[in-house]
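Enquirer: The residues making up each chain are set out below.
Number of protein chains: 2
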Amino acid sequence: MSLVSREIRLKSRPVGMPNAGNFELASVELPPPGPGEVQVRNLWMTVDPYMRGRMNDVKSYVPPFQVGEALQGGAVGEVVASNDPALKPGDLVSTMFGWREGFNAPAGAVQKLEPHGLPPQAFLGAAGMPGLTAYVGLIKVAALKEGDVVFVSGAAGAVGQIVCQIAKIKGHTVIGSAGGAEKAAYLKEIGVDHVIDYKAAPNLTEAVLKAAPDGIDVYFENVGGEHLEAALTAARPFARFALCGMISQYNATDGGAGVHGLMQAVGKQLRLEGFIVSSHFDMMPAFVKELAGWVASGKLTWRETVEHGIENAPNAFFKLFKGENLGKMLVKLS
Amino acid sequence: MSLVSREIRLKSRPVGMPNAGNFELASVELPPPGPGEVQVRNLWMTVDPYMRGRMNDVKSYVPPFQVGEALQGGAVGEVVASNDPALKPGDLVSTMFGWREGFNAPAGAVQKLEPHGLPPQAFLGAAGMPGLTAYVGLIKVAALKEGDVVFVSGAAGAVGQIVCQIAKIKGHTVIGSAGGAEKAAYLKEIGVDHVIDYKAAPNLTEAVLKAAPDGIDVYFENVGGEHLEAALTAARPFARFALCGMISQYNATDGGAGVHGLMQAVGKQLRLEGFIVSSHFDMMPAFVKELAGWVASGKLTWRETVEHGIENAPNAFFKLFKGENLGKMLVKLS
Chain P
0 MSLVSREIRL
10 KSRPVGMPNA
20 GNFELASVEL
30 PPPGPGEVQV
40 RNLWMTVDPY
50 MRGRMNDVKS
60 YVPPFQVGEA
70 LQGGAVGEVV
80 ASNDPALKPG
90 DLVSTMFGWR
100 EGFNAPAGAV
110 QKLEPHGLPP
120 QAFLGAAGMP
130 GLTAYVGLIK
140 VAALKEGDVV
150 FVSGAAGAVG
160 QIVCQIAKIK
170 GHTVIGSAGG
180 AEKAAYLKEI
190 GVDHVIDYKA
200 APNLTEAVLK
210 AAPDGIDVYF
220 ENVGGEHLEA
230 ALTAARPFAR
240 FALCGMISQY
250 NATDGGAGVH
260 GLMQAVGKQL
270 RLEGFIVSSH
280 FDMMPAFVKE
290 LAGWVASGKL
300 TWRETVEHGI
310 ENAPNAFFKL
320 FKGENLGKML
330 VKLS
Chain B
0 MSLVSREIRL
10 KSRPVGMPNA
20 GNFELASVEL
30 PPPGPGEVQV
40 RNLWMTVDPY
50 MRGRMNDVKS
60 YVPPFQVGEA
70 LQGGAVGEVV
80 ASNDPALKPG
90 DLVSTMFGWR
100 EGFNAPAGAV
110 QKLEPHGLPP
120 QAFLGAAGMP
130 GLTAYVGLIK
140 VAALKEGDVV
150 FVSGAAGAVG
160 QIVCQIAKIK
170 GHTVIGSAGG
180 AEKAAYLKEI
190 GVDHVIDYKA
200 APNLTEAVLK
210 AAPDGIDVYF
220 ENVGGEHLEA
230 ALTAARPFAR
240 FALCGMISQY
250 NATDGGAGVH
260 GLMQAVGKQL
270 RLEGFIVSSH
280 FDMMPAFVKE
290 LAGWVASGKL
300 TWRETVEHGI
310 ENAPNAFFKL
320 FKGENLGKML
330 VKLS
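Just so you know, the sequences run in chain order P and B.
All residue numbers for the first sequence refer to numbering that gives the first Met the number 0, where the first residue is 0 and numbers rise by one.
All residue numbers for the second sequence refer to numbering that gives the first Met the number 0, where the first residue is 0 and numbers rise by one.
Be a bit skeptical, because a hint or two may be false.
If several chains are the same, the list does not tell them apart, and a pair holds so long as it fits within one copy or across any two.
[As the list claims (entries may be wrong)] Mimicking DSS-like on lysine-lysine, the simulated pairs with C-alpha atoms at most 25 Å apart in a straight line are: (1) Lys139 to Lys267; (2) Lys298 to Lys209; (3) Lys58 to Lys111; (4) Lys267 to Lys58; (5) Lys321 to Lys139; (6) Lys111 to Lys331; (7) Lys58 to Lys209.
Calculated directly from the structure, the hints in this document are not laboratory data.
Remember, predicted model here, so these are calculated numbers, not experimental data.
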């Protein structure tokens with residue numbers, strides 16, 4: 000028996016905004032798994048903003064993607080054949096072999112998932128890296144403490160929606176910014192106290208200050224640019240900024256917008272700290288358990304935007320940068 | 000008996016670079032000190048970059064100076080008359096009644112100094128706020144740890160010169176940047192491993208990377224602008240930036256230069272933290288004791304640039320922004 004898996008390869012490195020010409024669909028034949036290997040059929044894959052950085056040929060915290068090779072990224076799949084006693088057909092696994100329909104891999108390269116009553120794709124979103132990112136950024140990096148007023152940019156995105164809800168569960172006043180009426184309505188639905196539709200706000204800084212006249216204590220940064228300026232101006236003394244991402248700047252070809260308000264970090268004694276979730280994977284088991292409880296008790300929910308089929312994975316990726324995803328952007332593969 | 004004290008008042012708020020027209024010299028008569036008061040003759044006063052911010056009418060961590068009133072700032076003086084048993088004529092005191100030749104004040108508003116074998120003006124420099132700023136920024140804010148490579152901007156200034164020497168005493172590789180050959184020579188003299196004369200360096204980022212091919216772990220920020228960009232690019236993962244000041248930006252009338260490289264804080268997981276020394280005054284006694292030991296054993300020295308007479312205090316202040324001070328900028332009053 001052999002299977003054919005379709006996959007998305009990097010055809011050329013994007014300059015600025017990626018487009019269809021930077022990617023190609025290819026097919027590979029999967030032989031039966033070798034000794035110690037498993038064969039996995041992917042059910043879902045994720046597209047994430049950080050992948051844009053890996054498409055550039057620059058040294059970063061993850062090595063760049065190689066032209067002519069399949070892209071990589073998070074995926075959840077089902078074991079279809081196994082030559083390892085720890086895994087059996089039907090097991091749900093999480094891997095970094097996304098951007099393809101299936102694969103063979105050493106059993107050690109896949110991680111068996113305990114479903115905790117959650118749907119499989121949740122492990123690419125609320126119960127996966129985006130959820131842990133929200134948790135780590137808020138609790139550990141920003142060191143959330145009682146009474147903090149929390150400002151979240153990209154609040155209706157994969158990470159932002161979880162940040163908002165964890166902050167609400169912990170009793171905080173939350174200001175969430177997102178682009179467009181649909182996202183704004185969703186944020187109200189999940190209990191965000193002050194929703195800013197930044198596309199409709201003539202002045203973002205004024206909008207934040209109107210929502211928090213005494214200023215903000217925590218800023219969860221997903222967007223950069225004007226959002227960061229607003230947060231710097233609205234920050235109270237000793238505010239903490241968890242720098243998770245700056246999606247507005249990822250396709251910049253001129254080095255990105257300059258941040259003018261950073262001098263305020265001195266006088267207000269602000270702390271700005273960047274982080275990447277893979278440095279905090281040790282917190283995953285505790286987080287997933289806590290999250291499953293919040294989901295079971297109806298305290299936490301999420302939204303997904305789904306594209307269907309591996310051939311549409313690049314489109315799903317493009318939509319991230321156009322802000323066309325509400326909640327987690329996913330590709331359903333089978 | 001009464002004395003006349005000359006003082007410098009704010010005549011108008013500077014726009015951009017301050018000039019002589021923003022200040023005026025005035026005289027006030029000092030009556031004998033009232034009950035519970037002391038009369039102090041100032042020996043030295045300090046001018047510091049942070050005072051520029053107080054000349055603007057904006058809310059900050061210290062209230063703005065008022066037009067028509069004497070400026071304030073650090074001063075060291077000698078008690079000439081006292082109606083408080085805790086202070087007697089001849090005592091050396093530290094106060095915030097700078098920018099004037101003498102004053103009367105409640106005894107509680109002056110702080111008696113233990114000389115520790117140091118000259119009086121040291122308490123406005125190495126053994127005062129600038130020294131404590133260096134110590135706090137390096138040890139507490141940047142959390143200096145073994146093996147760190149330290150980059151200091153404004154390295155030949157009041158704070159920078161102490162940062163460099165404390166880092167050297169603690170065994171670190173130090174890169175110091177300053178403007179001009181005289182400052183560069185001084186930095187070599189105090190043991191800075193890699194001296195960058197930024198006025199002579201065609202590309203500051205390349206100069207830092209040449210000095211530290213594997214990157215920097217700590218950046219002590221006094222300057223801002225291009226220096227901050229260089230530090231962001233040269234930073235190793237998990238580097239810590241102690242944001243003490245950004246003197247290159249204090250007179251900007253357009254919001255200051257934009258910082259383009261801040262996105263690197265995410266992928267490299269950098270921590271940028273602003274601080275002001277007055278939040279850390281509790282560390283002063285321990286610091287002064289440690290410093291006095293370093294001075295006594297010849298491990299730490301400093302330079303001063305001195306203007307003479309209260310009438311020249313504004314000039315001393317202007318020189319800070321032109322980079323015309325080597326080490327601590329002081330005004331000798333008597």
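Enquirer: Taking the hints in turn, state whether each one holds.
Expert: So, going through the hints one by one against the coordinates:
no., hint, verdict
1, Lys139 to Lys267, "both (21 Å within a copy, 17 Å between copies)"
2, Lys298 to Lys209, "neither (28 Å within a copy, 53 Å between copies)"
3, Lys58 to Lys111, "neither (31 Å within a copy, 55 Å between copies)"
4, Lys267 to Lys58, "between (33 Å within a copy, 11 Å between copies)"
5, Lys321 to Lys139, "neither (30 Å within a copy, 42 Å between copies)"
6, Lys111 to Lys331, "within (19 Å within a copy, 73 Å between copies)"
7, Lys58 to Lys209, "between (41 Å within a copy, 18 Å between copies)"
Against the hints set out earlier in the document, violations occur for numbers 2, 3 and 5.
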